[in-house]
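Participant: This is what each chain is made of:
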Amino acid sequence: MIRPHRTHALWYAFILHRISGVALALFLPVHFYTLALALTDPERLDGFFRWTELAVVKFAEFGLVFLLALHMFGGLRLMALEWLPWSDRQKTLAAGAAAMSFLISGVFLLRAI
Amino acid sequence: MSSDADELEVSVWRGDNASGRFEDFRVPAQENQTILDVVSWIQQHRDPTLSYRYACRVGMCGSCAMMVNGVPRWTCRTHVKVALKDNRISIGPLRNLPVIKDLATDMDPFFDKWVAAEGMHHPSRTRDDAIEQINPEDASRQEANKGIECINCSVCYAACDTVAGNDDYLGPAALQRAWTLYNDAKDAGKLNILEAVSGKGGCHNCHSQGGCSHYCPNDLNPMAAIAGLKRASALSFFKGRK
Ligand code: HEM
Ligand code: SF4
Ligand code: SF4
Ligand code: FES
Numbered sequence: 000m001i002r003p004h005r006t007h008a009l010w011y012a013f014i015l016h017r018i019s020g021v022a023l024a025l026f027l028p029v030h031f032y033t034l035a036l037a038l039t040d041p042e043r044l045d046g047f048f049r050w051t052e053l054a055v056v057k058f059a060e061f062g063l064v065f066l067l068a069l070h071m072f073g074g075l076r077l078m079a080l081e082w083l084p085w086s087d088r089q090k091t092l093a094a095g096a097a098a099m100s101f102l103i104s105g106v107f108l109l110r111a112i
Numbered sequence: 000m001s002s003d004a005d006e007l008e009v010s011v012w013r014g015d016n017a018s019g020r021f022e023d024f025r026v027p028a029q030e031n032q033t034i035l036d037v038v039s040w041i042q043q044h045r046d047p048t049l050s051y052r053y054a055c056r057v058g059m060c061g062s063c064a065m066m067v068n069g070v071p072r073w074t075c076r077t078h079v080k081v082a083l084k085d086n087r088i089s090i091g092p093l094r095n096l097p098v099i100k101d102l103a104t105d106m107d108p109f110f111d112k113w114v115a116a117e118g119m120h121h122p123s124r125t126r127d128d129a130i131e132q133i134n135p136e137d138a139s140r141q142e143a144n145k146g147i148e149c150i151n152c153s154v155c156y157a158a159c160d161t162v163a164g165n166d167d168y169l170g171p172a173a174l175q176r177a178w179t180l181y182n183d184a185k186d187a188g189k190l191n192i193l194e195a196v197s198g199k200g201g202c203h204n205c206h207s208q209g210g211c212s213h214y215c216p217n218d219l220n221p222m223a224a225i226a227g228l229k230r231a232s233a234l235s236f237f238k239g240r241k
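Here the protein sequences line up with chains U and Z, keeping their order.
The first sequence lines up with residues 0 to 112 when you count with numbering that gives the first Met the number 0.
The second sequence lines up with residues 0 to 241 when you count with numbering that gives the first Met the number 0.
Hints are computed from structural coordinates only; laboratory data are not their basis.
Be careful, since some hints might not be right.
[Stated by the list, open to error] Which bits of chain U does chain Z cover? Going by a derived footprint, with three or more residues having C-beta under 8 Å, they are:
hint, stretch
1, 1-7
2, 73-83
[Said to hold, decoys possible] With a cut-off of at most 30 Å between alpha-carbon atoms, the simulated DSS-like pairs for lysine-lysine come out as follows:
hint, chain 1, residue 1, chain 2, residue 2
3, U, 90, Z, 145
4, U, 90, Z, 80
5, Z, 238, Z, 185
Note that the Cβ used here is the ideal one computed from N, Cα and C, for glycine as well.
Sequences are here, hints too, so could you generate the full structure?
Facilitator: Below you can see the structure in the form of structure tokens.
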């Protein structure tokens, strides 16, 4: 249960940023390892690519792209908040970051299937 | 909302942090009733030993803040109807502060941090000098004006998760005060302020969750003030001033 004092838009933006940041940190080592297979073990990389054709995996990739985009746009919002003159539209900007991320990852999913 | 009921079901925190618990009361519902009215009714009609704090009853003094149904509020200006959920209200002491007894918290850490953030005037002239003329249209004066209605109620401090997770964090109110003085042409302590707010418990701890600005009863925006301090201290760092 989310504690009552946290139920407002910018806290949700914060928790999504943290979850996506941690997810990226966990994903990237695996990502680099599989890419490195191109040099060390191309056969296994081909096997891995066949696995990525599965619908579940496609959907998981959609999730990853979503989190990556969310972290990037959300992070850009935070950097703008800290470095540019103040804007009162932070909730709108956070919602915009989520919408852009959904758009990008949705396009990615549609192209993938 | 079932504010038509004759009685409100109210649970009130009794005791201190370590050995406290909620105690239930039934309080007559009124058409116009604040949370502070409810607390006072309990103290006057049910248990005279109930401890709580208030003074002005009109949102000026900043002494009456409590957690109401889990969110920090100034109780003298919070209508029961706004806070009521299923005819129930829980009233607890402000979060992030030591509890002295019942609803009264020890505000010392809050005010100590106000001082630690250099939230005091650093005079630029003596009494023998002429009074400095300030143009109210000035951009820095306008920026300073945004924070001056703070009533030190500690609602923002109670809302902040960074305060909860880091004992040293100065918190939104003290940092906003520092930003106000930083923008005040009559304050000669700009570098002291930047020094104080960029250390271990300083402004760079803030994650811009905005709980402070969301709950501030005076509609102030400590999150924006803290962003200003982050910018000012980082610029000062890159210019090699510190
Ligand atoms: C795409 C470019 C990126 C941008 C613009 C960005 C921006 C940011 C910003 C501004 C923060 C601070 C948030 C705060 O103050 O709470 C942050 C936190 C974080 N980032 Fe990124 N980041 C990016 C890429 C990444 C990547 C690739 C990773 C994974 C290795 C990552 C992992 C994290 C983590 C774990 C946090 C801590 C979250 C927190 O404290 O709540 N970020 N990011
Ligand atoms: S914006 Fe910063 S100071 Fe305000 S509640 Fe969030 S972490 Fe605390
Ligand atoms: S900034 Fe707002 S919430 Fe914080 S102490 Fe001042 S008046 Fe209260
Ligand atoms: S009693 Fe003074 S602000 Fe509530």
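Participant: Work down the list of hints and note, for each, if the structure agrees.
Facilitator: Results of checking the hints against the structure:
1. 1-7: holds (count 5)
2. 73-83: holds (count 4)
3. 90/U to 145/Z: holds (20 Å)
4. 90/U to 80/Z: holds (26 Å)
5. 238/Z to 185/Z: holds (23 Å)
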